[in-house]
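Asker: Could you put together the complete structure from these sequences and hints?
Chains as they are written, first to last, in the numbering used here: chain E, 1 to 92; chain L, 1 to 500.
Be aware that a few hints might be false.
[As the list claims (entries may be wrong)] Pairwise CB distance ranges (calculated): (1) L:R350 / E:S73: 52 to 58 Å; (2) E:S73 / L:L430: 35 to 41 Å; (3) L:E160 / E:S73: 56 to 62 Å; (4) L:R218 / E:E66: 32 to 38 Å; (5) L:L430 / E:M1: 31 to 37 Å; (6) L:E235 / E:S73: 42 to 48 Å; (7) L:M470 / E:G76: 47 to 53 Å; (8) L:G289 / E:S73: 39 to 45 Å; (9) L:E279 / E:S73: 43 to 49 Å; (10) L:A127 / E:M1: 27 to 33 Å.
[Unchecked claim] If the Cβ cut is set under 7 Å, some of the chain L residues that face chain E in the computed set are: (11) A65; (12) Q69; (13) Y266; (14) A379.
Hints are computed from structural coordinates only; laboratory data are not their basis.
Remember, predicted model here, so these are calculated numbers, not experimental data.
Where a beta carbon is used, it is the ideal one built from N, C-alpha and C, also for glycine.
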Amino acid sequence: MALQITESCVNCWACVDVCPNDAIFQDKPHFLIDDMKCTECLGDHADPQCAAICPIEMAIVNELGEFLNPPGSLTGIPIEKLKEFGLWREAA
Amino acid sequence: MELPVISSSAPAAEGGGCSSSGCGTAPDALAHLPEHIRAKVQDHPCYSEQAHHYFARMHVAVAPACNIQCNYCNRKYDCSNESRPGVVSELLTPDQAIKKVMAVAAEIPQMTVLGIAGPGDPLANPARTFETFQQLSEKAPDIKLCVSTNGLNLPQYADEIAKHNIDHVTITINCVDPEIGAKIYPWIYWENKRIFGIEGARILIEQQQKGLEALTSRGILVKVNSVMIPGVNDEHLKEVSKIVKAKGAFLHNVMPLIAEAEHGTYYGLMEQRSPTDEELQALQDECAGDMSMMRHCRQCRADAVGLLGEDRGDEFTMDKIDVMDVDYEAAMVRRKAVHDEIMVKLDAERGIVKPKPTGIPEGSRPVLMAVAGKNGVVAEHFGHAKEFLIYEASPDGVRFIGHRKTELYCGGMDSCGDGDVVGAGETESLLDRNIRILSGCEVVLCSKVGYEPWAKLEAAGIAPNGEHAMEPIEEAVMKVYEDIAATGKLLPQPETLKVA
Numbered sequence: 001m002a003l004q005i006t007e008s009c010v011n012c013w014a015c016v017d018v019c020p021n022d023a024i025f026q027d028k029p030h031f032l033i034d035d036m037k038c039t040e041c042l043g044d045h046a047d048p049q050c051a052a053i054c055p056i057e058m059a060i061v062n063e064l065g066e067f068l069n070p071p072g073s074l075t076g077i078p079i080e081k082l083k084e085f086g087l088w089r090e091a092a
Numbered sequence: 001m002e003l004p005v006i007s008s009s010a011p012a013a014e015g016g017g018c019s020s021s022g023c024g025t026a027p028d029a030l031a032h033l034p035e036h037i038r039a040k041v042q043d044h045p046c047y048s049e050q051a052h053h054y055f056a057r058m059h060v061a062v063a064p065a066c067n068i069q070c071n072y073c074n075r076k077y078d079c080s081n082e083s084r085p086g087v088v089s090e091l092l093t094p095d096q097a098i099k100k101v102m103a104v105a106a107e108i109p110q111m112t113v114l115g116i117a118g119p120g121d122p123l124a125n126p127a128r129t130f131e132t133f134q135q136l137s138e139k140a141p142d143i144k145l146c147v148s149t150n151g152l153n154l155p156q157y158a159d160e161i162a163k164h165n166i167d168h169v170t171i172t173i174n175c176v177d178p179e180i181g182a183k184i185y186p187w188i189y190w191e192n193k194r195i196f197g198i199e200g201a202r203i204l205i206e207q208q209q210k211g212l213e214a215l216t217s218r219g220i221l222v223k224v225n226s227v228m229i230p231g232v233n234d235e236h237l238k239e240v241s242k243i244v245k246a247k248g249a250f251l252h253n254v255m256p257l258i259a260e261a262e263h264g265t266y267y268g269l270m271e272q273r274s275p276t277d278e279e280l281q282a283l284q285d286e287c288a289g290d291m292s293m294m295r296h297c298r299q300c301r302a303d304a305v306g307l308l309g310e311d312r313g314d315e316f317t318m319d320k321i322d323v324m325d326v327d328y329e330a331a332m333v334r335r336k337a338v339h340d341e342i343m344v345k346l347d348a349e350r351g352i353v354k355p356k357p358t359g360i361p362e363g364s365r366p367v368l369m370a371v372a373g374k375n376g377v378v379a380e381h382f383g384h385a386k387e388f389l390i391y392e393a394s395p396d397g398v399r400f401i402g403h404r405k406t407e408l409y410c411g412g413m414d415s416c417g418d419g420d421v422v423g424a425g426e427t428e429s430l431l432d433r434n435i436r437i438l439s440g441c442e443v444v445l446c447s448k449v450g451y452e453p454w455a456k457l458e459a460a461g462i463a464p465n466g467e468h469a470m471e472p473i474e475e476a477v478m479k480v481y482e483d484i485a486a487t488g489k490l491l492p493q494p495e496t497l498k499v500a
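Answerer: Here it is, written out as structure tokens:
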């Protein structure tokens, strides 16, 4: 059970500082989550911390490839608008 | 609704304050400040309009993480051809930042101020931010330190800020009403949760106000930045200005919203408009009754280097710095000599009582003039000016109003790498655009004007003037004002008789 970071990541370091398991490490082209260390924050926090602070939609996914922050969920930009600008994807 | 932390019953600021007209004729908007505050800011380019012509600043991009989302910000920040807050090209570790600061300090001795301003929120990156300050205060003690923040983590770091000898802090405060806040901030990260909407905005506002009080009570100078968003917080910012002044902020900087669709921000994509130059100036004038207003802000990048309005960041990329050999001891001696020389100049300027124009008939109206200036003189060719400085001449004298940029913020999506967003078609020529941004001005002073722009300027009711090249700006503006007065055009014109 572990979360993953997608190519949407902008390398802002926010998740690294809040991960209780020290599971996130710098890599090229973007940060990655060590699946041996990630617990999805179970037992530590109500919400996985990387997904709670990540400013980028579609950058964190679960094992099923589902976005923890789907398009429009953080910015409030309507889906029609995102589609118009080519910024919408259904899954990773 | 009113929050207890923002009640306007806070103790009134000491001293007589400043009437909106009283500041205008002073050599600097800071002239009425208590002496101990003025002494701290008079050589700070971001706080003193006068000093920004001589002293330079730099930002180091060591703070990438952020803990809130603002609707005018896009966290995709790697763009080299834009100049706006939140944008950087090269993220630095604290060690790299120190190297860069020392290299710049040696090359540009006028650089007196080092700020950490992002590209995220410095206090959401406390380890990287304070490590940088710690090392700098040891290795480059002649550099002033500042930090900018959204304020969310400010109360918890007020002591740490005081400890590092940071005596200038900028807080961005866009509202004191959570309902307005919810239209600006979609969410915050607070106590291990993402909190959306009004509740998130309420916490942010409460922390900002607590942080402001914590800093002023420790004797740390606070400037407040506000982004003017038409229809969202424009009216409300007058209230914000009163409250932050009452709590001890010494300067308020109301900046225009930057929202282009190609930046991919919420406001950009939702077509939220930016204020016009006239709207911004009108709001700044209204707030000026309550507060010292900063009008020379250039809304610079989180990795800007040099004088305000210029960016020499390209000369100091890490690969170039790595091969520079810096002798900081020697540099400090050189820097001291340069600083002393500038201070003599500034003191001389301050000592001069500003003259009033002569021969101006009573009842004459003020006139706005645009100046293509550099280093305090009328210097630039009309077509080469990247910005125009706007001055108002009136019977009371000449005062600096603000600046208007002539270049586009961004070359468009193609050059930013996103490709997907199609910018609005450019139908307006650059010349037409530059003339349009001068609306409200009756004269434009520059070193030279070409034939085509000359005709277009005149057609737009703006008189081009190239007669004062290399003269000090304020003297030139005053002479032109006196010349207009001599023609009788400053007095109310009698209604022309209409012949049927």
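Asker: With reference to the structure, classify each hint as holding or not holding.
Answerer: Hint by hint, here is what the structure shows:
1. Under the hint 52 to 58 Å, the C-beta atoms of L:R350 and E:S73, about 54 Å apart, fit the expected range.
2. Taking the beta carbon of each, E:S73 and L:L430 are about 40 Å apart, inside 35 to 41 Å as hinted.
3. Range check, L:E160 to E:S73: about 34 Å between beta-carbon atoms, so the 56 to 62 Å window is missed.
4. Distance hint check for L:R218 and E:E66: the Cβ-Cβ separation is about 47 Å, which falls outside the suggested range of 32 to 38 Å.
5. At about 57 Å, the CB distance of L:L430 to E:M1 disagrees with the hint of 31 to 37 Å.
6. At about 31 Å, the CB distance of L:E235 to E:S73 disagrees with the hint of 42 to 48 Å.
7. A C-beta distance of roughly 52 Å is found between L:M470 and E:G76, which places it inside the suggested range of 47 to 53 Å.
8. Between L:G289 and E:S73 the CB atoms are about 42 Å apart, so this pair conforms to the stated range of 39 to 45 Å.
9. For L:E279 paired with E:S73, a C-beta distance near 33 Å fails the hint of 43 to 49 Å.
10. Between L:A127 and E:M1 the C-beta distance comes to about 29 Å, which sits within the given range of 27 to 33 Å.
11. At its closest, the beta carbon of L:A65 sits 4 Å from a beta carbon of chain E; the interface hint therefore holds under the 7 Å criterion.
12. Annotation: L:Q69 was flagged as interfacial toward chain E, and the flag holds, the nearest CB pair being 6 Å apart, inside 7 Å.
13. With a least beta-carbon distance of about 5 Å to chain E, the hint placing L:Y266 at the interface is held under the 7 Å criterion.
14. With a cut of 7 Å, the hint placing L:A379 at the interface with chain E is violated, because the nearest CB-to-CB distance is about 40 Å.
Hint compliance for this structure: hints 3, 4, 5, 6, 9 and 14 are broken, all remaining hints hold.
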